[in-house]
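Asks: Please take these sequences and the hints and turn them into a complete structure.
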Amino acid sequence: MSDKIRIALTKGRLEKDTVGLFEKIGFDVTELRDKGRRLILEVPGQDIEVVLAKAADVITYVELGACDLGVVGKDTILEHGGRYFEVADLGFGRCRFALASKKGSDFYGGVGVKTVATKYPNVTRHFFEGKRMDVDIVKIEGSVELAPLLRIADGIVDIVETGTTLKENGLEVIEDVVPISARLIVNTVSMKLKKERIETLAEMMQKAL
Amino acid sequence: MKNYDLLTPEGTRDLIFDECAALRSISEKLRVIYTSHGYTEVITPGLEFFDVFNNKSRHYPQEVLYKLTDGKGRLMVMRPDTTMPIARLVGTRLRTSPLPLKLFYDQTIYRANPKESGRDDEFYQSGIEIIGGEVMRSDMEALSIAAEVMQSFEAEDYRFEIGDSGIFTMLSDKLDLPEHELDDLREYVMGKNYPALDDMLSRFGDNAYARAVRGMTRLFGGSEVFAEAEKLLPDEAKPVLHRLEKVYDSLCALGIGGKVTVDLGFAGKSSNYYTGIVFNGYIEGYGMPVLTGGRYDKLIADFGVDTPATGFAVNENAVADALLRRSGGMLLPTPDVMIWSDNDSIVAAIEHCRKLIADGLTADYTDLADINAARELAKKRGCKRLDVVTADGVKTETIG
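Listed in order, the protein sequences are those of chains A and B. Sequential numbering from 286 applies to the first sequence in my numbering. Sequential numbering from 260 applies to the second sequence in my numbering.
These are calculated hints, taken from the structure and not from any lab test. Careful, some of the hints might be misleading.
Claimed, not checked - Listed below are the simulated EDC-like cross-link pairs for lysine to aspartate or glutamate, each with C-alpha atoms no more than 20 Å apart in a straight line:
(1) A:K480 to B:E415
(2) A:K339 to B:E438
(3) B:K374 to A:D342
(4) B:K374 to A:E364
(5) A:K480 to B:E487
(6) A:K424 to B:E375
(7) A:K416 to B:D442
(8) A:K492 to B:D416
(9) A:K480 to B:E483
(10) A:K289 to B:D443
(11) B:K518 to A:E481
(12) A:K416 to B:D443
(13) B:K518 to A:D288
(14) A:K289 to B:E504
(15) A:K480 to B:E543
(16) A:K404 to B:E415
(17) A:K492 to B:D458
(18) A:K416 to B:E440
(19) A:K388 to A:E460
(20) B:K326 to B:E415
(21) A:K289 to B:D457
(22) B:K490 to B:E504
As the list claims (entries may be wrong) - Here are a few chain B residues that sit away from chain A, every Cβ distance over 10 Å (derived from the structure):
(23) T303
(24) D310
(25) S316
(26) G350
(27) E393
(28) R396
(29) D494
(30) V506
(31) G517
(32) P592
(33) T593
(34) L615
(35) D626
Note that the structure is a prediction, hence the values are computed from the model and not measured. C-beta atoms are modelled at their ideal positions from N, C-alpha and C, and glycine is treated no differently.
Replies: Quick look at the structure:
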């Protein structure tokens, strides 16, 4: 069996943080830093191949076994679900899902059905199911903050880091939904067939945090 | 109106050439293994009442079932599984048959997967069920046949993994969690979601059962697992552990020790029918288990006959995919001989084909009027021999 392991990284910030982690471990990350437009890269001397992908695709590749491991945000995991092992909280990429509405408005008031705008309909549905609330969900692709301002929604469920965007648009957090951070996920078969290599890498990554 | 006349529905596909051949050859291999051990085939309907798949010990979430209604408005489903129809069969037509019953099946299964997930909604599943046998003996028989099955695929590498849902059941009972939290816990154990597990169990402090749940999730691998589990698990869980170890040792004694692993982190799902030993088979090149099985002692009671049972199922499409990907398959098979005849020698050509076939060759009558077109076709198909049948008799041409 090939000893090579393949790890998919979510392009952007999680990628940079993971590369930083690899550097701390002592891996040669020159190729990862100086990647040009390539999407599959090598970590020299480690038999590790790095694949760069969009967050949701990281999950797809790991779930189907095209990649053994993946680094992806809890936000994407919650929205997409799927079958894989979620073995470590890498701690970086920390933020949260929160419910927000126009400052001063009473989101939970009244008996009417509320409309909630979000990029994450599954997370939103699950959250309100837990509250036994029927809500109308509107899927928005871009800046969700617009929806309450344009009066198409009573509130939004979105990722909040500092809350500055909300504040500048006259919105405020009503309630935190769930905390988010980067997770290390593993394909269920790889975990068994390549146990040692995967556990060793996972351990090194966690120690370097 | 948009027409879909050129598409197959998502999750389904046409199987052609090598894809068919690979699937059929796997199916045939399995059939030979089962029948040589004395198993008998059953075929159950592709359509069943919804109620068959919605009972106490096992229910399928509505989302995964393809549903329709019959003429009386009753809810029907395309079968998502064969074990439950077999349980129904044991509770009805087979209820007076002598036990243990040893049955096998080989038929399609339908499951509505999430859109664009890349999974098959329709696939061939082949498996066995042992109904009413003594526990240790039938577990070992099911496992040894499953091991034979895994070996028969001749995959580059394979692993055979065993566990027991009884350990989790015992430990989680002691934690006395409300139902929804128990479901979460189960999900975390199954997903090896270590951080969520640690969060959830931290409130139990130094509780031995909580520590055991946390520890068992990480305990998978070879025989070393048992030594560690001995230290980790409370005494109440030891009988299950020791039985599992005995099974592991027996599999090693059967000579597949190097291929067998143990995963104590098995919790099943709340909707699952497994009650004891569970096992999975993995092959190199496929990202999900290709074989799943286990003991289900309560399921058949839901159909009126209280008898223990065990069995397993193989996803034949998954195995065929993995093996074809390795061999790079997808070829139109080449016949040994192709035959062409002129208009007056059609009968003679057919007789000539029969003679070649009787001699053990594959003979393909080209069905073309033009001999040059036949030569061209033989060349394209990679066939080296074209037999030309005319009133003058048979002349063999070498192609290529």
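Asks: It remains to establish, for every hint, whether it holds in the given structure.
Replies: Hint by hint, here is what the structure shows:
1. A:K480 to B:E415: Status holds; Cα separation ~17 Å.
2. A:K339 to B:E438: Given that 20 Å is the threshold and the Cα spacing comes to 36 Å, the pair is violated.
3. B:K374 to A:D342: Holds: K374 of chain B and D342 of chain A sit about 14 Å apart, inside 20 Å.
4. B:K374 to A:E364: holds, 14 Å
5. A:K480 to B:E487: holds, 17 Å
6. A:K424 to B:E375: Holds - the C-alpha atoms of E375 of chain B and K424 of chain A are around 19 Å apart, at most 20 Å.
7. A:K416 to B:D442: It holds: about 18 Å lies between the C-alpha atoms, which stays within 20 Å.
8. A:K492 to B:D416: violated, 32 Å
9. A:K480 to B:E483: holds, 14 Å
10. A:K289 to B:D443: violated, 34 Å
11. B:K518 to A:E481: OK: K518 of chain B and E481 of chain A at ~15 Å, within 20 Å.
12. A:K416 to B:D443: Judged against 20 Å, a Cα distance of about 17 Å means the pair holds.
13. B:K518 to A:D288: holds, 17 Å
14. A:K289 to B:E504: violated, 32 Å
15. A:K480 to B:E543: Holds, at roughly 14 Å.
16. A:K404 to B:E415: Outside the cut-off at roughly 43 Å; violated.
17. A:K492 to B:D458: holds, 19 Å
18. A:K416 to B:E440: holds, 16 Å
19. A:K388 to A:E460: holds, 13 Å
20. B:K326 to B:E415: Status violated; Cα separation ~39 Å.
21. A:K289 to B:D457: Violated - the C-alpha atoms of D457 of chain B and K289 of chain A are around 30 Å apart, more than 20 Å.
22. B:K490 to B:E504: holds, 14 Å
23. T303: Given a closest Cβ separation of 27 Å, the condition holds.
24. D310: Holds, because the least Cβ-Cβ distance between D310 of chain B and chain A comes to about 26 Å, which exceeds 10 Å.
25. S316: holds, 22 Å
26. G350: The assertion about G350 of chain B holds, with a minimum of 31 Å to chain A.
27. E393: At about 30 Å from chain A, E393 of chain B clears the 10 Å cut-off, so the statement holds.
28. R396: Non-interface label stands for R396 of chain B: nearest chain A Cβ at 27 Å, farther than 10 Å.
29. D494: holds, 28 Å
30. V506: holds, 18 Å
31. G517: Answer for G517 of chain B: holds, closest chain A Cβ roughly 13 Å.
32. P592: It holds; P592 of chain B is separated from chain A by about 29 Å at its closest Cβ, greater than 10 Å.
33. T593: holds, 32 Å
34. L615: The assertion about L615 of chain B holds, with a minimum of 44 Å to chain A.
35. D626: With a cut-off of 10 Å, D626 of chain B remains clear of chain A, as the shortest Cβ separation is near 42 Å.
The structure fails hints 2, 8, 10, 14, 16, 20, 21 (numbered hints given earlier, in ascending order).
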